[in-house]
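There are 2 protein chains.
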Amino acid sequence: MRTSLLLILLLISATNFAQSEDEKQMKAIYDLALTEGKAYDWLNYLSNQIGGRLSGSVQAQQAVDYTKGQLDSLGLDRVWLQPVMVPKWVRGTPEFAYIETKPGLTTNVPICALGGSVATPDGGIKTNVVEVQGIEDLEKLGREKIEGKIVFYNRPMDPTQISTFSAYSGCVDQRYSGAAEAGKYGAAGVIVRSMNLRLDDYPHTGSMSYGETPVAERVPAAAISTKGAELLSATLKLNPAIKFYFKQNCKQFDDVESYNVIGEIKGTIHPNEIMVVGGHLDSWDLGDGSHDDGTGCVQSMDVLRLLKETGYRPKRTLRVVLFMNEENGLRGGNKYAEVARAKNEKHVFALESDAGGFTPRGFSFDCSDENLAQVQSWKKLFEPYLIHLFVKGYGGADIGPLKTDDLVLAGLVPDSQRYFDHHHAENDTFEHVNQRELQLGAASMASLVYLIDKYGTITSDKIKG
Amino acid sequence: MRTSLLLILLLISATNFAQSEDEKQMKAIYDLALTEGKAYDWLNYLSNQIGGRLSGSVQAQQAVDYTKGQLDSLGLDRVWLQPVMVPKWVRGTPEFAYIETKPGLTTNVPICALGGSVATPDGGIKTNVVEVQGIEDLEKLGREKIEGKIVFYNRPMDPTQISTFSAYSGCVDQRYSGAAEAGKYGAAGVIVRSMNLRLDDYPHTGSMSYGETPVAERVPAAAISTKGAELLSATLKLNPAIKFYFKQNCKQFDDVESYNVIGEIKGTIHPNEIMVVGGHLDSWDLGDGSHDDGTGCVQSMDVLRLLKETGYRPKRTLRVVLFMNEENGLRGGNKYAEVARAKNEKHVFALESDAGGFTPRGFSFDCSDENLAQVQSWKKLFEPYLIHLFVKGYGGADIGPLKTDDLVLAGLVPDSQRYFDHHHAENDTFEHVNQRELQLGAASMASLVYLIDKYGTITSDKIKG
Numbered sequence: 000m001r002t003s004l005l006l007i008l009l010l011i012s013a014t015n016f017a018q019s020e021d022e023k024q025m026k027a028i029y030d031l032a033l034t035e036g037k038a039y040d041w042l043n044y045l046s047n048q049i050g051g052r053l054s055g056s057v058q059a060q061q062a063v064d065y066t067k068g069q070l071d072s073l074g075l076d077r078v079w080l081q082p083v084m085v086p087k088w089v090r091g092t093p094e095f096a097y098i099e100t101k102p103g104l105t106t107n108v109p110i111c112a113l114g115g116s117v118a119t120p121d122g123g124i125k126t127n128v129v130e131v132q133g134i135e136d137l138e139k140l141g142r143e144k145i146e147g148k149i150v151f152y153n154r155p156m157d158p159t160q161i162s163t164f165s166a167y168s169g170c171v172d173q174r175y176s177g178a179a180e181a182g183k184y185g186a187a188g189v190i191v192r193s194m195n196l197r198l199d200d201y202p203h204t205g206s207m208s209y210g211e212t213p214v215a216e217r218v219p220a221a222a223i224s225t226k227g228a229e230l231l232s233a234t235l236k237l238n239p240a241i242k243f244y245f246k247q248n249c250k251q252f253d254d255v256e257s258y259n260v261i262g263e264i265k266g267t268i269h270p271n272e273i274m275v276v277g278g279h280l281d282s283w284d285l286g287d288g289s290h291d292d293g294t295g296c297v298q299s300m301d302v303l304r305l306l307k308e309t310g311y312r313p314k315r316t317l318r319v320v321l322f323m324n325e326e327n328g329l330r331g332g333n334k335y336a337e338v339a340r341a342k343n344e345k346h347v348f349a350l351e352s353d354a355g356g357f358t359p360r361g362f363s364f365d366c367s368d369e370n371l372a373q374v375q376s377w378k379k380l381f382e383p384y385l386i387h388l389f390v391k392g393y394g395g396a397d398i399g400p401l402k403t404d405d406l407v408l409a410g411l412v413p414d415s416q417r418y419f420d421h422h423h424a425e426n427d428t429f430e431h432v433n434q435r436e437l438q439l440g441a442a443s444m445a446s447l448v449y450l451i452d453k454y455g456t457i458t459s460d461k462i463k464g
Numbered sequence: 000m001r002t003s004l005l006l007i008l009l010l011i012s013a014t015n016f017a018q019s020e021d022e023k024q025m026k027a028i029y030d031l032a033l034t035e036g037k038a039y040d041w042l043n044y045l046s047n048q049i050g051g052r053l054s055g056s057v058q059a060q061q062a063v064d065y066t067k068g069q070l071d072s073l074g075l076d077r078v079w080l081q082p083v084m085v086p087k088w089v090r091g092t093p094e095f096a097y098i099e100t101k102p103g104l105t106t107n108v109p110i111c112a113l114g115g116s117v118a119t120p121d122g123g124i125k126t127n128v129v130e131v132q133g134i135e136d137l138e139k140l141g142r143e144k145i146e147g148k149i150v151f152y153n154r155p156m157d158p159t160q161i162s163t164f165s166a167y168s169g170c171v172d173q174r175y176s177g178a179a180e181a182g183k184y185g186a187a188g189v190i191v192r193s194m195n196l197r198l199d200d201y202p203h204t205g206s207m208s209y210g211e212t213p214v215a216e217r218v219p220a221a222a223i224s225t226k227g228a229e230l231l232s233a234t235l236k237l238n239p240a241i242k243f244y245f246k247q248n249c250k251q252f253d254d255v256e257s258y259n260v261i262g263e264i265k266g267t268i269h270p271n272e273i274m275v276v277g278g279h280l281d282s283w284d285l286g287d288g289s290h291d292d293g294t295g296c297v298q299s300m301d302v303l304r305l306l307k308e309t310g311y312r313p314k315r316t317l318r319v320v321l322f323m324n325e326e327n328g329l330r331g332g333n334k335y336a337e338v339a340r341a342k343n344e345k346h347v348f349a350l351e352s353d354a355g356g357f358t359p360r361g362f363s364f365d366c367s368d369e370n371l372a373q374v375q376s377w378k379k380l381f382e383p384y385l386i387h388l389f390v391k392g393y394g395g396a397d398i399g400p401l402k403t404d405d406l407v408l409a410g411l412v413p414d415s416q417r418y419f420d421h422h423h424a425e426n427d428t429f430e431h432v433n434q435r436e437l438q439l440g441a442a443s444m445a446s447l448v449y450l451i452d453k454y455g456t457i458t459s460d461k462i463k464g
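These protein sequence lines map, in sequence, to chains A and B.
The numbering of the first sequence is numbering that gives the first Met the number 0, which starts it at 0 and goes up by one.
The numbering of the second sequence is numbering that gives the first Met the number 0, which starts it at 0 and goes up by one.
Please keep in mind that the hints were generated in silico from the structure rather than gathered at the bench.
Predicted, not measured: the structure shown is a model, and the values here were computed from it.
Don't take every hint at face value.
Copies of the same chain look alike in the list, so a pair counts if it fits in one copy or across any two.
Claimed, not checked - The calculated EDC-like cross-link candidates involving lysine to aspartate or glutamate, where the alpha carbons are at most 20 Å apart (straight line), are:
| hint | residue 1 | residue 2 |
| --- | --- | --- |
| 1 | 144 | 216 |
| 2 | 148 | 99 |
| 3 | 37 | 157 |
| 4 | 26 | 172 |
When you get a sec, could you build the whole thing from the sequences and use the hints?
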């Protein structure tokens, strides 16, 4: 009885000691992030000196050069570029669209080509419009009512979803597959309501796929601003015979070489166990890509710097990876995983930040129940920083290809309310990022990496044995 | 054994039933707020049609008229104006200031008079500057080093505080009492670094008090933007002999009559038990008072509407109170409490929203441990809405005068990271409020009111007996 009591007391005091060491390290990380964080300065450069960084563009290459240079200056153990072939799609001259209520009577509306779309014919397309609430409506309408018309996908994001990402998931099929599906019924083109919960004048671009559709049969697709969508829908209700005109001259070029940018601190005890933290360096071309995903890149870079500057030397190898081409291909994420597998690298943890630079609320984890339980046991440590979400869920697109049974994949979960006001639109710009919110995200990520490094993850070996 | 088991099972199923009724009601409230909330439209009018609403101004009266009209249209049981005398301070023509490094060589810096300050002499004040890090430095310096000079309070907000309100508390004595204290040492004037965690060009006003200082001995006080403060401090380091010039012609007039705006739904079972929800209708004059505290007013108004429209009829009497003159006098809050005491009204709950219209994170409670424990037992109900903070703390300035042992005082706690970017400054404007964040706050407040009404608060009678 006495021995076991003593053991319990020892355990408690050991836990308390560890707790207080963890508290101290995390406080050091947060303090440094909030007083001398670098993420905001880096983002300022990426956003305001470089700007939108679409795969294959000059700006994407400038971002590669700039971030490599900055990582070089941090005194990491190794910094390198990982070559990857990426698609090159170019928007061309600005798109143009109007609603024609009767010949000569037109109202311009803001549109933008979806990423990957084909151009319209040189003179544009002008024809009748059929409004649908989703892909499933096409079958009900049939070829007869669709052929030769523009299909207008107008199902809005569900405002009652508290996570705006859930609302996005419930809509984005219209953007991604809408053109391929409408093409099967002979549509002349596709207009998609922007994935935006707000009513405003910004069209939001984003990736789309023609799937197996032969090149000759592909129909052009554009996003219309939410206000434009409301106007078009209201006009159609008054007169279903109105016409819509749009013109875009975007183009897909051959793939070009680009790079993932990688920096590494070698682990002192388990150098072969790799932890990855990252975001994607490419962005859409309309804004400057601040929230999507400049913030994820600069936060990830700052994770290594914050640990280094607070004197923490990781036991496991820690890598920052700035992935290229998340937006329209995921080539960087796939390449990184492919090379890792070829080299037989053992990844134990991967953390992605690709949900905006807003106040961090927590993390979502794609991992075993045992690993989730371990992470949740650290909840108390995050409480002073108002980090409260430790849930099962999605890690991230770029780290997804690394997935194994033992790997812990995690995604930073920032407050999501404002994200889709800016996502893939002209107003995804630097002034909408708050420095403290951004740096709190970097500190939260660095703290999680610290805890994972210190305590290790639970592998299926350990669970079995 | 069997009986007690049965009892437990009954209790559990009763709880489950209650839980699911509460879940349903809260979902109805949040859904309505996110689809047909009125708070944002009301705020649009207050901010963009009326603007800054300093006590005693025409705009403050317009806000009284507008909000009373809107409450009238909601079909409440009673809407009325409660007269209250308020101070009337007027800024006058825009302030002007510069740093003079040598005669003829000047750099303009943005300043604004603190609310309640006296004017400078007509020609302004130009003299040497002594920089201090707080009021406590005055004694060390002594009259000799202060007399005839401008005292420059430059202690910044502490960026390592996670709650920016804590950082504000640690600084605001410089603004509130700086002039009264510096005056005792013969200072010619006072310049205070703006209460802002960001470096920018906006000076932030706010209330100050001369305490018992006779009118003739009061020295003028102004806030300088954080960038201006950095420049002034850097210039002083290079040359302590530089001069600072500032001019302001603000003026305190006699008190004028104004109003608290009050609307009420009579309780069906306990009409004599009153629940209050409110914000303050006055604001500073530089911006349009959107976050401080237009949001608190329109959220409070929406609380009554959301409950009404979802078909919930409160058992207790529910009042919305839009307090006048929180910013420079608290006369409205004091008047409301004074009248309540004179009428022997029994207040059981008071909820204030005066911390910005950002994503709600939870509530802070000024109440007994028993009442806090009850509220915390509802935590699970709020989880789907990411409301996670239920802590002991401050209720709010306007509801403070109501305080009794039995009363539960509560304050909405929104995310605080961006608040002091805008607080009391020209950029506290409508476009910085996000509709969803605002409406989520209103729904969270309505949900808390619903639960308090349904389950009642725990009075000291109940605890004792």
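Which of the stated hints cannot be reconciled with the structure, identified by number in ascending sequence? Structure breaks hint 4 only.
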